[in-house]
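S.K.: Please arrange chain X on chain E, whose structure you already have, making use of the hints.
Each protein sequence line maps, in turn, to chains E and X.
Just so we're aligned, residue 1 is where the first sequence starts under my numbering, counting upward by one.
Just so we're aligned, residue 1001 is where the second sequence starts under my numbering, counting upward by one.
Worth flagging that the hints you see were computed from the coordinates, not collected in a lab.
Where a beta carbon is used, it is the ideal one built from N, C-alpha and C, also for glycine.
It cannot be assumed that every hint is accurate.
If you only want the chain E side, here are some residues facing chain X, beta carbon under 10 Å, derived [to be verified]:
1) R16
2) P17
3) S18
4) R30
5) S33
6) S35
7) E72
8) V74
9) V75
10) H77
11) E79
12) D82
Residues of chain E placed beyond 10 Å of chain X at every Cβ, according to the derived structure [unchecked claim]:
13) L21
14) P70
15) I102
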Amino acid sequence: MNDELEQRLRALRLTRPSAELDRRMDDIFRQASVSDASMPRHWWWLAALAAGAVAASLVLIMNPTVVPAPPEPVVYHIEAPDVMREWLAPTSIESRPPPVVIVSVLPSNPAPL
Amino acid sequence: MHKNPAFVRGWTDALVQSHSDGMSATVPETLRSFYVENRQQLYTYAVALTDQREAAEDAMHQAFQRLLHRGSLPEDLRPYVFRCVRNAALDFRRRAGVRGDSPFEETDGTGAVPPTDLIESRELVARLRELPSDERETIMLKIYDQFTFREIAALRGVPLPTVASWYRRGLERLRETLNRENR
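So here's chain E without its partners, still in its complex pose (with noise of 0.2 Å):
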């Protein structure tokens, strides 16, 4: 009973939509397609930038800075050939001629004497 009935259904004519609807179906599909074609543009702006900073970030990563070596103490070795005894003697600075002394930098383990 109910086949016959869903056939008679079937038969009914449909309205069918307005050209007026498939015009403006038109203009909104028309709209968002220019608006989507922009928007790859901006995906690989994106997509450069992280590029870039993925790259860089693996060449930091891949080429570690030169760390510089540790500082080294410089010792200098003081030696005056002459007798300093008369140096401590309470006279006057001028009267005699400065003292000779040798300065040499020594190495910063240096052998032991």
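M.R.: Frame of chain E, contents of chain X only:
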């Protein structure tokens, strides 16, 4: 230069692949093809829900406008779009009230259909309109939009047996009414 070219190549390949995937079908293109293929079914459904032809067209227009603003679409587009049109159509109906347009042609237009058939058709349309809204909507979706009970249940968010029951009761009610009038 990176010491591992395969790694760099993998990255660029992934970027190119993801870009080409994104370009395969845009949201506007997908919706345009869907509209072209389903415009008659969507319109019939929208008129049945709004009871007004202009409101049905406005509802369709509004629903697609909203859909076009979505960033992505689900794989199973059909129930999703029909649900959007349904929501928009019910909004229009609430705002504008009921006018009584039908999704069916009142006249044959060609003159080829015998007047008795036309009278029967008008009677059928009138009785269909008197059905409870759930039953009428289910009949419309099943017969004119070729939805399965499962799809209607997903669209309406109700259990499948409920949909089957709406359909069966709707047809029974329709047949009883027509039989009573023809006696």
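S.K.: Quick check on P17 of chain E please, does its C-beta sit within 10 Å of some C-beta on chain X?
M.R.: Cβ of P17 of chain E sits 4 Å from chain X, so the hint holds.
S.K.: Taking the least C-beta to C-beta distance, is S35 of chain E closer than 10 Å to chain X?
M.R.: Since chain X brings a Cβ to about 9 Å from S35 of chain E, closer than 10 Å, the hint holds.
S.K.: Quick check for students: does the CB of L21 of chain E sit more than 10 Å from each CB in chain X?
M.R.: 4 Å, violated
S.K.: May I ask you to test the interface hint for S33 of chain E with respect to chain X, counting a Cβ-Cβ separation under 10 Å as satisfied?
M.R.: At about 5 Å, which falls below the 10 Å cut-off, the nearest Cβ of chain X leaves the hint on S33 of chain E intact, so it holds.
S.K.: Let's test the interface hint: is any C-beta of chain X closer than 10 Å to that of R30 of chain E?
M.R.: OK, holds: R30 of chain E within 10 Å of chain X, min 8 Å.
S.K.: Quick check on E79 of chain E please, does its C-beta sit within 10 Å of some C-beta on chain X?
M.R.: Violated. Min distance 54 Å.
S.K.: Taking the closest Cβ pair, is R16 of chain E under 10 Å from chain X?
M.R.: It holds, given that the least Cβ distance between R16 of chain E and chain X is near 7 Å, below 10 Å.
S.K.: Using Cβ atoms only, decide whether V74 of chain E comes closer than 10 Å to chain X, and label the hint accordingly.
M.R.: Where the cut-off is 10 Å and the nearest Cβ of chain X is about 39 Å from V74 of chain E, the hint is violated.
S.K.: Is the nearest Cβ of chain X still more than 10 Å from the Cβ of P70 of chain E?
M.R.: Label holds. Min Cβ-Cβ 28 Å, cutoff 10 Å.
S.K.: For the hint on S18 of chain E, does the least C-beta distance to chain X fall short of 10 Å?
M.R.: Result: holds, 6 Å to nearest chain X Cβ.
S.K.: Is the shortest C-beta separation between D82 of chain E and chain X less than 10 Å?
M.R.: Nearest chain X Cβ about 63 Å off; hint violated.
S.K.: Measuring Cβ to Cβ, find out whether I102 of chain E lies farther than 10 Å from everything in chain X.
M.R.: For I102 of chain E, whose nearest Cβ neighbour in chain X is about 53 Å away, the distance exceeds 10 Å, so it holds.
Going through the hint list in order, the structure does not satisfy hints 7, 8, 9, 10, 11, 12 and 13.
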